[in-house]
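Top line first, the protein sequences correspond to chains A and B.
Note that the UniProt record's numbering gives residue 83 to position 83 of the first sequence, counting from 1, and the numbers run on in steps of one.
Note that the UniProt record's numbering gives residue 219 to position 219 of the second sequence, counting from 1, and the numbers run on in steps of one.
By construction, these hints were calculated from the structure, which means they are not laboratory data.
Among these hints, one or two may not hold up.
[Unchecked claim] Only some residues are given here: those of chain B computed to face chain A with a beta carbon under 10 Å:
hint: 1; residue: D82
hint: 2; residue: E86
hint: 3; residue: Q90
[Stated by the list, open to error] Simulated restraints, written as ranges between beta carbons of each label pair:
hint: 4; chain 1: A; residue 1: Q90; chain 2: B; residue 2: E125; range: 46 to 52 Å
hint: 5; chain 1: B; residue 1: E160; chain 2: A; residue 2: R21; range: 19 to 25 Å
hint: 6; chain 1: B; residue 1: P133; chain 2: A; residue 2: F209; range: 54 to 60 Å
hint: 7; chain 1: A; residue 1: E241; chain 2: B; residue 2: D96; range: 41 to 47 Å
hint: 8; chain 1: A; residue 1: A100; chain 2: B; residue 2: E241; range: 28 to 34 Å
hint: 9; chain 1: A; residue 1: H105; chain 2: B; residue 2: A54; range: 42 to 48 Å
hint: 10; chain 1: A; residue 1: F209; chain 2: B; residue 2: E34; range: 29 to 35 Å
hint: 11; chain 1: B; residue 1: A23; chain 2: A; residue 2: A49; range: 57 to 63 Å
hint: 12; chain 1: A; residue 1: Q90; chain 2: B; residue 2: E34; range: 39 to 45 Å
hint: 13; chain 1: A; residue 1: A49; chain 2: B; residue 2: D97; range: 35 to 41 Å
hint: 14; chain 1: A; residue 1: P171; chain 2: B; residue 2: P133; range: 20 to 26 Å
hint: 15; chain 1: B; residue 1: R57; chain 2: A; residue 2: P171; range: 29 to 35 Å
hint: 16; chain 1: A; residue 1: E241; chain 2: B; residue 2: A23; range: 44 to 50 Å
hint: 17; chain 1: B; residue 1: E34; chain 2: A; residue 2: G89; range: 36 to 42 Å
[To be verified] Sample of chain A residues at the chain B side, in silico, Cβ under 7 Å:
hint: 18; residue: H76
hint: 19; residue: Q90
hint: 20; residue: S91
hint: 21; residue: L190
All C-beta atoms, glycine included, are put in the ideal place defined by N, C-alpha and C.
There are 2 protein chains.
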Amino acid sequence: MTNPSAAMLVIGDEILSGRTRDANMHHLAQVLTEKGIDLKEVRVVSDDALAIVAAIRALSGSYDHLFTSGGIGPTHDDITADCVAEAFGQSIDVRDDARALLAAHYERQGSELNVARLRMARIPEHGVLIDNPVSVAPGFQVENCYVMAGVPSVFRAMVESVMPGLTGGAPLLSESQRFLVGEGDIAAPLGKLAKENPDLSIGSYPFHFEGRYGTNIVIRGTDAVAAKAVMDVLREKFAGEMI
Amino acid sequence: MTNPSAAMLVIGDEILSGRTRDANMHHLAQVLTEKGIDLKEVRVVSDDALAIVAAIRALSGSYDHLFTSGGIGPTHDDITADCVAEAFGQSIDVRDDARALLAAHYERQGSELNVARLRMARIPEHGVLIDNPVSVAPGFQVENCYVMAGVPSVFRAMVESVMPGLTGGAPLLSESQRFLVGEGDIAAPLGKLAKENPDLSIGSYPFHFEGRYGTNIVIRGTDAVAAKAVMDVLREKFAGEMI
C-alpha cells in the first residue's frame, strides 16, 4: 500500500529575498513523515497572483494533499485566499462565520474590525474554516488544499488543527548509523543493497570528523525489521569503522 | 530595466522527510539579492528522475538562470548529473577533465579513484566545470543551469565560483522600520502607498512585543531615495509608535 502524497506551497517575497529563513517547511516535513504522508514536493513563490494560481493548480492536481503557508493577513500583499478561489473556480467574499470570529476577537481586544482586518474574513465559497487558536483569523480548506498562515507559531497551530482529520499511511521509520568511511568507499555495497531492497529508501550523507571523511547512512521504510537487516549487513562489513 | 530572474531547485529526500533543514536556499537568496538577480521560485523535489527532469525543464525554460543543489555525490541516489543531461538532450559519460581533477585529488589523499568516485566525473557533453575548492569533485554548468553540491560548505564555495561570471542588475536595497501598530491598523495607508509606488515592493511582517502587536515594514527597490520617501510618510503618520 502506498502512503498518501502531499505538496507544500510557501508564499512570500520575504523568503525569496533572503530576508527571512523559512521554518514552516521543515516543521511540516517532520509532522507529515510521522503521520505517514509522503511530502513529495515543495515550491516557494513570490506574492504574485499568476505564479500562486499556477502553482496551486499544478500541485493540488498532482498530489493527494496541498498545504500552503503565507499570504492570508490583512495587508495589500496578502492575496493567497483570492488566488485559491481562482485556482478552484470558486467565488470569494467576506463570509459570516469568519467575520463573527474576528468581530468577537477584536471586541475582546478593544480594537476595531476595520476594512483591512475584514480582509482576513474573505473565504472561498466552499471553504471550510481551519481553527487558529493563536490569533483567531482562520485558515481554510478548499478541496484538497489547506491554506494556512506564514507566521510560524500560527502555522504550527493550524497544522495541529488539520492533522487529526487526515488519514495517514504507515509511518516511515528510520535506522541510522555513522561510519568513518568515505562515501566513495561505501557507495558500491550501498548501491547493491538499494537495488536488492526497492521498498527501502537508503540515503547517504557525508560528514567530516577529526580530519577524516565519514558517511551517515539512513535507511527509511515502513518495515523496521527489513531496515535493520540491511543496516546489519553494512555494520558487519564495516565493523571496525562505526562511530 | 528589469533585473535578471532566477530559480533554484533543491534535490534530496532528506529535506522532504524533515531529517535535514535546508540551508542553501537562504544563502543563495541572499547572494542573488545582493547581486541584483531576482530569485522568483524555488522547488524542492525528491531523488526521483522523472520529477528532477521535469523541474529542470520547467524552471530553466521560465527564468534566466537555474541553480540546483544536491545529488552530485558518488552514491546510487546521486542522479542529478544524468537528469540534467536528459533535460537538455545531451549525452553524459565520465569526462577526462573531471577525471583528471579527481585522480590528482585521490592520489594526494592516498585513496582509490574507484568506480563509485568516478561517478562524480560524469559530466554532460557540453557542460562547463564549476570549481570546487572544498572537496574537488566539480559542479558544472549546462546552458543556463548551474549544478552544485548539496553539502552547504561545498554549495557556498561553488556559488562563489559562479557569481563573478554572472551579470547582475541593480542591487535591491531595503529600508526597514518597526512600528508598534497591528498589521490591521497599518494596512490601509500601506495599501495606498503600495498602489502609488508600483516600482517598490512593500512588505509587512507582524510581530509580538511585550504583549502588543507590532508590524515590521520592509520597503525594497532599486531606488533608495524613493524607498526612504515612502517610509517617511509612515514614520510621520505613526510618529509615536516606532521602536
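Taking the hints in turn, this is what the structure says about them:
1. Hint on D82/B is violated. Least Cβ distance to chain A is approximately 14 Å, over the 10 Å limit.
2. Look at E86/B: its Cβ only gets to about 19 Å from chain A, farther than 10 Å, so that hint breaks.
3. Restraint check, Q90/B versus chain A: the minimum CB separation of about 24 Å is more than 10 Å; hint violated.
4. Range check, Q90/A to E125/B: Cβ separation about 49 Å, and the 46 to 52 Å hint holds.
5. For the pair E160/B and R21/A, the beta carbons lie near 20 Å from each other, so the given range of 19 to 25 Å is met.
6. A hinted range of 54 to 60 Å is violated for the C-beta pair P133/B and F209/A, which are about 21 Å apart.
7. Roughly 33 Å separates the CB atoms of E241/A and D96/B, a value that falls outside the hinted 41 to 47 Å.
8. Evaluation of the 28 to 34 Å hint for A100/A and E241/B yields a pass: the beta carbon distance comes to about 29 Å.
9. For H105/A and A54/B, the Cβ-Cβ distance of about 44 Å falls inside the hinted range of 42 to 48 Å, so the restraint holds.
10. In this structure, F209/A and E34/B meet the distance hint of 29 to 35 Å, their C-beta atoms being roughly 33 Å apart.
11. For A23/B and A49/A, the hinted distance range of 57 to 63 Å is not satisfied, since their beta carbons lie about 30 Å from each other.
12. Between Q90/A and E34/B the beta carbons are some 41 Å apart, a value that agrees with the proposed interval 39 to 45 Å.
13. A49/A and D97/B have their C-beta atoms about 46 Å apart, which leaves the hinted 35 to 41 Å range violated.
14. Between P171/A and P133/B the beta carbons are some 41 Å apart, a value that contradicts the proposed interval 20 to 26 Å.
15. Hint check: R57/B to P171/A, Cβ distance near 34 Å, so the stated range 29 to 35 Å holds.
16. Distance hint check for E241/A and A23/B: the Cβ-Cβ separation is about 28 Å, which falls outside the suggested range of 44 to 50 Å.
17. Evaluation of the 36 to 42 Å hint for E34/B and G89/A yields a pass: the beta carbon distance comes to about 41 Å.
18. This hint holds: H76/A has a C-beta 4 Å from the nearest C-beta of chain B, less than the 7 Å allowed.
19. Taking 7 Å as the C-beta cut-off, the interface hint given for Q90/A is violated, the closest approach to chain B being about 24 Å.
20. Interface restraint check for S91/A: the shortest CB-CB distance to chain B comes to about 22 Å, outside 7 Å, so the restraint is violated.
21. Of the supplied interface hints, the one on L190/A holds, with its beta-carbon coming within about 6 Å of a beta-carbon of chain B, less than 7 Å.
In terms of the numbered hints stated before, the structure departs from hints 1, 2, 3, 6, 7, 11, 13, 14, 16, 19 and 20, listed from lowest to highest.
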